[in-house]
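Visitor: Sequence lines, in order, name chains A and B. Here the working numbering is used: the first residue of the first sequence is 1, the next is one more, and so on. Here the working numbering is used: the first residue of the second sequence is 1, the next is one more, and so on.
Hints listed in this document are in silico derivations from the structure and should not be mistaken for laboratory results. Think of the CB as a built atom: it goes at the ideal place given N, C-alpha and C, for glycine as much as any other residue. Don't take every hint at face value.
A few chain A positions that, by computed beta-carbon distances, are all more than 12 Å from chain B [unchecked claim]:
| hint | residue |
| --- | --- |
| 1 | Arg15 |
| 2 | Ala17 |
| 3 | Ile40 |
| 4 | Asp70 |
| 5 | Glu124 |
Interface residues of chain A toward chain B, partial, derived using beta-carbon atoms under 7 Å [stated by the list, open to error]:
| hint | residue |
| --- | --- |
| 6 | Gly41 |
| 7 | Thr44 |
| 8 | Ala49 |
| 9 | Phe93 |
| 10 | Arg137 |
| 11 | Gly140 |
Over 10 Å on every C-beta distance to chain A, these chain B residues come out as not near it, computed from the model [as the list claims (entries may be wrong)]:
| hint | residue |
| --- | --- |
| 12 | Thr163 |
| 13 | Val278 |
| 14 | Phe340 |
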Amino acid sequence: MADHNINIKVNGTERKAQVESRLLLVYFLRENLSMTGTHIGCDTTHCGACTVLLDGQPVKSCTVLAVQADGREVMTVEGLETGGQLHPIQNGFWQEHGLQCGYCTPGMLMTSYALLQHNTEPSELEIRQAISGNLCRCTGYVNIIKSVQHAAAKMHADQTEVKGGV
Amino acid sequence: MESSTTPRTSATVCGMGHSMKRKEDPRFIRGQGHYVDDIKLPGMLHMDIVRSPYAHAKILAIRTEKALAIPGVLAVITGETLKQYNLHWMPTLMSDTQMVLPVEKVMYQAQEVAAVIATDRYIAADGVEAVEVDYEPLEVVVDPFKALLPGAPVLRTDKEGKTDNHIWHWETGDRAATEKAFAEAEVVVKQDMYIPRIHVASIETCGCVADFDPAMGHLTVHMTTQAPHAIRTVFALVAGHVGLSEEKIRIISPDIGGGFGGKVPVYPGYVIAVAASVVIGKPIKWVEDRMENLQADSFARDYHMTAELAAKKDGTMTALRIKTLADHGYADAAANPSKFPAGLFSICTGSYNLPIAFTEMDAAYTNKPPGGVAYRCSFRVTEAVHAIERVTDVLAQELKMDPAELRFKNFIQPDQFPYKSALGWEYDSGNYPGALQKAMDNIGYVELRKEQAEKRQRGELMGIGICSFTEIVGAGPSKDFDILGIKMFDSAEIRIHPTGKAIARFGTKSQGQGHETTYAQIVAEELGIPASQVQVEEGDTDTAPYGLGTYASRSTPTSGAACAIAARKIRDKAKKIAAHLLEVSEDDLEWEVGKFSVKGAPQKSKTIQEIAFAAYTNHPPGMEAGLEAVNYYDPPNLTFPFGSYICVVDIDRGTGEVKVRRFMAVDDCGNIINPMIVDGQIHGGLSMGLAPALFEEISYDEQGNISGGSFMDYLVPTSMETPNWETDKTVTPCPHHPLGAKGVGESATVGAPPAIVNAVVDALSHLGVRHIEIPMTPEKVWNILREKGVAE
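Chain B with its partners taken away, still in its complex shape (with noise of 0.2 Å):
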């Protein structure tokens, strides 16, 4: 596979390699978006959800009355409600259970416990208070660690034969291979850390309009899903018993205000506002508020993890294991493929020519929210990351060497690919080094670390911290990856009109990604038809063709491919049909953009807009008619983008706050559809990877009471924490991506965290600072720095 970074197409026909401007940003620069709140049907009703205030209660009783004798209160939907249907309980992604509403028990504060159906909004929330509801709390865990001690309390007890709070157990890699190379080794570092739950709070929240048409028996369900084809068959998974038939059954996502991971999940907020549709026969509105988003929907993260490299004393890794315990909540509600319940973590061997590698995970049920869902990065692979590049900047730390200089002797190296890794991956292609140095060399590596020593002198606080990912995306091949047992392979299909415009529709679904634009382009550079006369679209189950949805980075890789192929089938056809135009053999012509000609005869040629015309006026005897192509592109591996980051800290002694001063990303996404939305991926990712290195965390006291459950305290930052990222790129293109293209949207959330923490370890480190966890708050840092007595 070429590189190519200059494009081939004019700025007219706008294929690859163009920044076009954004096709979609016309209607969101007016306010004409088309998000799920501003839909409005004739009889709409409103529906809003009565939580729980305990973390763990038997419910007594729920009282309706006084909601039910207000006016314009039309029904209130229990547990008890939906066992009728059966529908109180549903699959989660994993294979687990959850409740839709609870019949007997509350498992998290602030989970449904029931839910009010009203003429108005405001109408519904008088409902909700007045709703009253009978407790008996019970015994709360919180901590997964103590959830697994012997004698705590059971709290899955609808689980026939369940006796403690054990998940399941993973692991992967050789342990006894790994324990030898442990016994063996020269140095040995270990380093337990953890990653905090945390929440994706995109800035529209989830919701929904459920529409139920009786007298046809259809379901049309507007709502706020990165995945909507694989919905449509979940709800007729879970609800064909009560006559949901998926023929019968529309799934339509509009614009979406943000995803990240957070609206892969099926929440019981739907299936609720769906049930009342089809009780009621009227649609129902549910928007949740920002609170119940924080609060109720799927978090991230949330591993405690303990990791360990052994190395030779020159730097040369030689053996990584690391052990984990997974906090759930209280149901494994993550959206992993099957057969990979901790994700892509086994990833954790990093950049690093690791010969021997072994993890192994536990998962632990409590009384918190469930979900284990990404927060923009590929099923679990940045608390892979930040594993690995933590340890690594510890074991630099250990052996007095430059992390950079010990990132340089056990990278792979480019002649090492395709590399297999000691837990079973295929890296697809990089060049490790080439990024490391070009973003060394772009931020002035060597002088800033001068200037580190001349401050470190005079008592200043500054650090630079370097991280240098490989991601893992694109999921994924269907032999290794499903969800529920549909195959993650992805769609395109392509329609070419008469007059030469086409349309475009794919089973992805574009969060802000930008999906209306770069597939354009994808059609362009393929079939010489500018982007500007393509139309994409995506996420209506009753036009676009079957596929996962977007996350994980996977539009590109897989629907990405699939938009080439359905072009290159076309192409195929459109040569067939220019041969015929022509009166030649379809071996004398060439392709160059656009246009078939004539080989050695140029000046005879047709163009792609003659050759569609043609298509549907004049088209060969025994051909089909018309110029249409679908592909379902199913992956043959993973792609491995990567990159190398490099961030410079300095550290308020009076406050402890950290300021990132400089960020450098030198990122690898191999060949790139649209440069300018890439970039604006990268700033977007290196934002939700600051995030969490400085600013947010859910946490739950004692009782299980969130802190965090507002934008009060759940610190998204503004404009003022962000710093100006600097990004540059190299390209290595994936050799088995037609367009050699690897998917770019969560490889600066994963790489920027450890980057942004090893950069205040080693503005530490002189003072016997080893690691920090996140989120490295003013409190938490001033406190180090009281405890080594250099606070002011």
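So here's chain A without its partners, still in its complex pose (with noise of 0.2 Å):
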């Protein structure tokens, strides 16, 4: 089986590797680099548990190769504190009791970001058709759905708000 060095941009730091074609992402995440925020949930694209970004759309990492993330920009759950600040779709499912086993958790933070990064102000039907690849056995995905809103109205307060210091 052949190798390849690969270089991948990863929460914004960039990690060389050399790795079999056969070696997916979400094992390159979990195993390589020690970034257990990725889960693996089924195996088969179904239950989204492994979403990442890859180059800013949400992806199952469990059906990507890590060659083909070379080159690329990944962002995982572990990319979306700055600072020392959570993320206000992490504050989201906090305050709205977005999650219980935690385990679906990271992959559904990463589908809703990515929802917020193109729709700040979605519907519920937009929420519920962004996160349906993502499975969640807990929750009931109400919270969820709320969690996100909650995300979404403090977003575009955030926004109104330095808009109105300029």
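Dock the two chains into a complex; use the hints.
Guide: So this is what it looks like as structure tokens:
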């Protein structure tokens, strides 16, 4: 099996490695980089626990090869917090009880984060559609939707504040 | 016991009744949860499992040479390997036996056949591909009714003298009186129903890291278990003969990504990993993939039931009779209390004043995975509630009565509690009419019936379904409840530090229920120490007090009670210290949240923090220093949460799709510790009730091939199928629990499916439809519509 030299920017830091062709991105993150926030739930792209952003797009890292991410940017749950400050989506899940066992949470956070990057005021249906590739067995989704709405409201308020300041 | 719906403590203290944000969440939202698969130990090896493609076959040969030739593959473990240590079979929790690895034959598709140990997960998988196994297929039995016919092939040839596939017969109630009541009844209805095999499918699968230290002879197993202490004892009992003694075994259950009953049993993978670690002397990680999880781990349900209800013409129920055949797969590996092979199925008289009842059950072996665990329900309560709530609607239909009216007519009344049921339970407390009335008022039941009538005129299919369930949870009183002889008490240990902060440890184990928060709130309620200053720990058998674990909604009824009592013991000692400090008699002191003060002189007081400091710096002469307590709580009775659910569905005549338009859940779980968490538990439970009602099923073809063996075709509901749950509550405290609480994790899973089925049948009742089996898939519903001539 051929080995490849790859260079992936993970949460802003370049990570170089020599990997087998078959190594999945999720294992590269979890095993090679010891970043275990990204979880594995189904191996078949159904559950979304492994969702990360690849060049800003949510992808299921259990069906992306590490070599496919070569030269690209990956963002994981570990990249949400900046300067010791929780991202509003993280805080939203905390405030609205959007998680229970926590296992699907990193994937849910990344999918929701991606949604809010291009849709700052999503409707309930848009949120439901966005997270429909992420399974949660604990919450029944109702509080996850509230969590995303909580974050959207906060991000909207922050943006207004910034604009008002200028 | 008083009903407490408003908190007695401040938001800073955050005792019972506060919707405290969860203490566990900061790590989860940062991706810093610590699950089994996150564990990496020096020198750790990986295990992967070879599984059978056949449901029943003789093993002729297992050839491992090619696998062992792969660089990085270190060992292949087979049944023959384990046989050397007499570890190829193990007992189940129901005193049956199951294979760890087979020596002679396999009994279900995906059964473990051999295990490959390698330096890397990918190489272990390569090794699995390279192991060659020769099988000779044998006749397969998948239907439990056929399994019990004379001449059916006997599956458990390992059991000497076994001549059939019958496992056990169990019955309870008064058979003769029931037969008489049915013979004399004015009305009798009878309904067959099948609750299919389903799987909890927690998003985290099962796995472990077994770490044997050859120098010290210590075994540490990090594993996905809901019951770490019981598992330690089971390991000691099963492997004592190879030198694993209980004081040298440590089970650590780290963060668990959902359990729902599926992480109670001991699966062969755990045992093989432990054996491999002992033999090789290195840590071994085994984490199953989703297909293995769905295809080989313990299933739930699989009950074929026939329920009969006898009544008067005015709707008064007079007797209930239920006959059931349970399909247990090739071994009875259920996780029921020892004396209850059918779990608590005898709660099947439900919320009704049924004077006479009889139920009997038989269990059969088939060529399917072993099990019979819960799917977020307390020991077969879902099956029981499905039977009574479905047959109640069948009776309503027969009598042309409104199903709500029939329920009101037969409810056990609030003044009848404690209520002794015909099948022997003593219901603790309840207000069944109150819950149903509230649900009806909230959802606008009368208006919905009008809307339904109008829609029927237009040919639209809309249905309204009710379920008024009674749960039975919190196992359990030690006189009746044990698992492998270990009584089902549970425990709490609280230590107050000199600076007034606390650590509390429990015999239970959260899998998402939020114990780190709710237990802290109980300590806050009882001692006035802010919940934010109470550290909660569970899941490490080296540090936590012994307990039977978390399942069957038992944590609050058992460990929650233990927590309150341990805290009260601490308060008793604190009172003595306060009397010493204030130089008054104990009788002159009174407690209010967080401090003792002198009666009539409230300015003279000592806070719990001052008392804690004194316990280590200035304790009274003759008293032991320190401030800590432990309690092992043996509940005097089970608890009986209840509720009434109303579901409104619309059915698409073109596709047969059932759309849950509204769902109103009124729950009563007694006094509430954290309303936010309780609501979250109900949301989750409702979703796990929706799932089997409409989507989930694991079935087998005649050859024992599984369908529903991956998330490709095992349909866990997504955000698109799950409705906006509407919740409300009534509060009827438990009279025997120190906090008046009852437990809530499973009520909604139990109550939701019959409400949904009743709604769908209600939508089609005018067409003569009386019953539909779950899951009510579009295909199944559309075929009924076509048969009735209303499909579009």
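Visitor: Honestly, which of those hints from before does the structure not fit?
Guide: Per hint list: 3 and 5 violated.
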